[in-house]
Structures are given as C-alpha cells and as structure tokens.
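Enquirer: Below, each chain spelled out in residue letters.
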Amino acid sequence: MQSPEQNLIADFLAGEAEAVRTIDVWIKRAAFPYQRRLSHVWEDVLQSAYMEITRLLQAGSFRGEASLKTYLWRVVNSVCLTSIRKHTSIETVDIETVFEKVDNNSVSPVDVVLQKESESMALRVWSDMSEDCRDLWQMILRGMSYDEMSTIKGITSGTLRVRVLRCREKAVAVREKILQTKAVTFD
Amino acid sequence: MVVAQMECNRISELLPWQVNGTLPAPERTLVSEHLAGCAKCKQLLNETKFMLSAGQTHVPIEVLLDYAEGQKLKNFDPVLFENHLAVCDECSEQLKLVSGSFDSIDTDEPILTQKNNVVSLNEKREKREVVAAPVAVPNPFWKYAAIAACVLLTLSLGGLLYSLHEMKNSQSQLLVHEHTLRERINTLETESKQKNDRFTHAQEESKREIEDLKTKVAETKGKLEQKERESERQTQTSSKPGSPTPTQPNNSGQPQANVVVLDVFPSSVSRSEEANENALIVPRNAQSVTMILNYQSNVGFESYAIELRSANGRLIWQSNNMRRYSTNDFTINLPTTLLRNGVYSINIFGFQKMQKTKLENYTIRVTKS
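Top to bottom, those sequences are chains Z and D. For reference, each letter of the first sequence is one residue, going 11 to 197 in this note's numbering. For reference, each letter of the second sequence is one residue, going 28 to 396 in this note's numbering.
Think of the hints as simulated: they come from the structure by calculation, not from any bench. Some clues are possibly wrong.
[Claimed, not checked] Taking lysine to aspartate or glutamate and the EDC-like style, the derived pairs with C-alpha atoms no more than 16 Å apart in a straight line are: (1) Lys79/Z / Asp130/D; (2) Lys38/Z / Asp93/D; (3) Lys180/Z / Asp121/Z; (4) Lys38/Z / Asp130/D; (5) Lys126/Z / Glu117/D; (6) Lys99/D / Glu89/D; (7) Lys69/D / Glu179/Z; (8) Lys180/Z / Glu89/D; (9) Lys79/Z / Asp104/D; (10) Lys180/Z / Asp157/Z; (11) Lys163/Z / Glu141/Z; (12) Lys76/D / Asp104/D; (13) Lys79/Z / Glu74/D; (14) Lys96/Z / Glu117/D; (15) Lys79/Z / Glu117/D; (16) Lys76/D / Glu141/Z; (17) Lys180/Z / Asp104/D; (18) Lys163/Z / Asp142/Z; (19) Lys187/Z / Glu74/D; (20) Lys38/Z / Glu53/Z; (21) Lys67/D / Glu53/Z.
[Claimed, not checked] Per the computed footprint, the stretches of chain Z lying under chain D, defined by three or more beta-carbons under 8 Å from a beta-carbon of chain D, are: (22) 65-74; (23) 82-88.
For every residue, glycine included, the Cβ atom is placed at its ideal position computed from N, Cα and C.
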C-alpha cells in the first residue's frame, strides 16, 4: 500500500490536475522569497525547478526520509541558490570548473574529497584575511579596474596595486601555514 | 637580471586585473607576453586565481539548507561556517532567503506572483475529497477585509480619542489662561485704586500746602505793607514839604555842633589811587550827615532828582525836588538811622522835557565809629 505522498507523486507524474496544482503551490511558496532577487530570470528559474523536481521524482530520488514538502523545498532552494551563485561568479576561476565536474558526476570520489578540501581551504583563507583585504579583492571580483578602485579608496593606483599584492602574499602565507598544519596532522 | 626582477614585480602587481579583465590593452598584452615566458609569474597568476576563487567560494548549498532547517551540519566545520557567515555578505543573504523560503512553505498565506496575481487556493478546498495529500488551507478574502476594517476602526477610534484628548487639553489651557487674565485684572485694579488714593492724598496735601503758603504770603504781604508804610512814613517825614531843609539845624530847632559834612566826589573822578569810594566815618552820637555832592557839568536841566541805594541796589531814599547851587553842587542831609556800615550809591538825575537823564553817580563807604 502506497503512502499518501507516494500517491501524490504518482498523480503528479500522471498529470493529475489537483496533484499538479498542489505541488505547484509548494514550489511557488518555496521559491517565493527569491522572486525579487532573481526577477530578471524568474520564469527560467521557476521552470528549472519544475524540471528538476520532475526529473528527480521520475528517477525515484524521493525516498521518504523527509516529508515531500521538505524535499521539494530543498530542491527548489538548491536550484534558486545555484542560479544566484552562477550569476554572481566570474568564469576565470579554476574551482568553478571543478564544481562542474562534481555536478556532472564524472569525477572520482577522491576528486570530490579534494574539491571539498579546496573549498574548505579557500573559506579558511578568506575568513583569515583582514577586512580591508577582503574589500579590495571583492572589488576586483566585481570587475573594477585599478583606476576605479584607487578613486574609491582615495589612494594612488601604485599604492593600491602594492596593497593588493601584499594581501595576496599574506593570503598565500596563510594557505601555506594551513597546509603545513594538515601535513603534520597526517603524519 | 635586475631589470627582469623589476619586470616581474610590475607584472605581479597587474595580475589581479589581468584576471578580472579590466587591464588596459597595452598592459594586458605586456602581461600576456611576459607570462608566456616566466614560470615564476605563472605561479603568481595561479595564486591570484586562488585568491579570486577564495572570494567566490561559499558555504555549500546543502549546508545552508541543513542550517536553515535546524539540522546538525554534516561533514562541515560549524566554526568555519560561522566565521564565513560573519565575513560573507552573499552567504548571509542567501541564508536569509533560504530561511524565508522555509518559513513561507509552512504558512497558509496566498502567494503573490510576479504579476501580483493572487494564487487562489480555494479551489483546493472545493475538491478536498479528491485530494489525499496534505493541502494548505487558504484564507478566505473576507478575513482580509475584516482585518482591514478592524485596522480602519482602530485608527478611527485612535483619532477620535486623540481629538477628545486634544480638546480637553485646549479647554484646560483656556481655563488656565482665563484665570491668569482675571488675576491680572484684579492686580491692575488694586494697583489703580492704590494709585488713585495716593493721588488724592497728594492732592489734598498740595492744597493744604498751598493754603499754608497763601496764609504765609498774606502774612508776609501784611508785614511788607506795614514795613512799606513805615518806610514811606519815614521817607515822607524826611522829605516832607515845609519840613526843615537838611542844611537847616535839626527839627529840634536847636543849634547842633559837630555836624558831619562830607565832600563827595563823583565815581568818575578819582582823587586817589584807591577805589572811587568816598569814605564817611560817622560818630555814634551823630544824628545826621550832610553831604556836598560835587558836580562840575555846566549843562542845565529843568529839574533834578536824587536817589540813595544800598550796595545790593535796594532803594533807601529818593527826592525829586533837588536844587542846584551856584557852585553847581548838590547838598543832602541824611539821618544816621538810614545809614549803616557799608557801601551806598547816590545817583543824580536831570529831567528835560519829561526825559530823565542820569547825570552823576557817587559811591560812599559808611563806617560808624
């Protein structure tokens, strides 16, 4: 005997109007807070969420560990957050390439672990940087030229470039220190 | 070697903007060319990319979802999560969005779509028998209308209460103002009465003083008249027609020895270097003084008059029937009672066709021995 949620999934996949309407409401409620943030791609994101949910439900990914509503909520939020992060990143970073590999399930479990290590490392280094350094590098990430940054900071471009260089050197030093600590731990 | 190191340093400073694509074309070309042949700078480029990747690395979405659900974080350091949230605005914002989504999925409120259309969930209630899955029960619209009406009613009541309160306040303020004005009027009336009383009192005192002064003036006038009468009587006695002439012996008709005679010269004629005063020493027992007033002018007048004045100009005695002797001099006889110690002035006037002309002035200093 199937549970009510399994019945609802079956009705939804069969195109039952009421089941479709119910899941539609859940999806819209879960996605509603993102509407303003993703207004320029809202319809696309919503459509992506529908497609992903349909794909996952067809693949039998819902195993009933949580309620169907919660499961759908996680999927919708994942789609929305992925969309937000995709629209705020630049393409030149290597780690993004690794993300894509992970998403495509074409990497080995070792690669996944290494990827998580790299992310953890990056997060630690970023957290350990001074606020001024983070501010400078965020400006670079937002695509500002050194002339624009020096105008905003009220310093000469030469001084600005040296400061950015020093921040990079400190961050690399922090990364080296963390790596050394890990090496000692493994030993 | 040194030149190459300087080039590397310069390239190293430009790498962040080479990566974010904002480097100007000449510098971009320079950096690209340099990177092609410099392994050290390639390493620096990787470090720069690492920095940019670190800036774009965020907490995994699953971790954010677990945290929003209140679940224990799996395979992720909670301290690192908290530290990253403290410095990453994007992750903080995303966590808020996830939390908002988590809250909204369990509510029964209707959802506003992008076109501001309300997703009606009433349809679901109508077909409740068909649906076995849990369904969110939407709110009917009358509830919102009722809420709006309640809000309006509350606002209206609040406004009414506020108006009443303001009215009471204004009334009490008016009463206080009226009371203050009345007190002020009373004070002014009292002050006015006091001033009137003082004025009346002062007026009465002034009247009384005026009466006193009038009385004193009348008394003084009486005394003055009496003195004038006495003075006139004395004058008349001394200048009475038919009375003995000054040159004649005393009214007693008896010969008088040691009669004081003073030869008086005009003030314009100085006999000495001293002042133009004629010194007259009068013995105590002398009854009269005879003065010969020297006058040298040959011009004649129809009649002559004489007057005796004290130093302060007070008229003591006068006579209009003076005669001039053949020697051109005038003579007078004055009782010593008229003369006290001091300076006197004697003036001679001539009358010609009713015109009075001052002819001569004499100054005498009387000293009673």
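Enquirer: For every hint, state whether the structure bears it out.
Expert: We went through each hint and held it up to the structure:
1. Lys79/Z / Asp130/D: holds, 12 Å
2. Lys38/Z / Asp93/D: violated, 20 Å
3. Lys180/Z / Asp121/Z: Status violated; Cα separation ~27 Å.
4. Lys38/Z / Asp130/D: The hint holds at about 13 Å.
5. Lys126/Z / Glu117/D: violated, 20 Å
6. Lys99/D / Glu89/D: Holds, at about 12 Å.
7. Lys69/D / Glu179/Z: Cα-Cα ~15 Å, so holds.
8. Lys180/Z / Glu89/D: Violated, at roughly 31 Å.
9. Lys79/Z / Asp104/D: violated, 28 Å
10. Lys180/Z / Asp157/Z: violated, 23 Å
11. Lys163/Z / Glu141/Z: Since the Cα atoms of Lys163/Z and Glu141/Z sit roughly 14 Å apart, the hinted pair holds (cutoff 16 Å).
12. Lys76/D / Asp104/D: violated, 24 Å
13. Lys79/Z / Glu74/D: With a Cα-Cα distance of about 44 Å, the restraint between Lys79/Z and Glu74/D is violated, given a limit of 16 Å.
14. Lys96/Z / Glu117/D: Holds, at about 12 Å.
15. Lys79/Z / Glu117/D: Violated, because 26 Å separates the two Cα atoms, which is more than 16 Å.
16. Lys76/D / Glu141/Z: violated, 19 Å
17. Lys180/Z / Asp104/D: violated, 23 Å
18. Lys163/Z / Asp142/Z: holds, 10 Å
19. Lys187/Z / Glu74/D: holds, 15 Å
20. Lys38/Z / Glu53/Z: The given pair, whose Cα atoms are some 11 Å apart, holds under the 16 Å limit.
21. Lys67/D / Glu53/Z: violated, 47 Å
22. 65-74: violated (count 0)
23. 82-88: n = 5 at 8 Å, threshold three: holds.
The structure shown violates the earlier hints numbered 2, 3, 5, 8, 9, 10, 12, 13, 15, 16, 17, 21 and 22.
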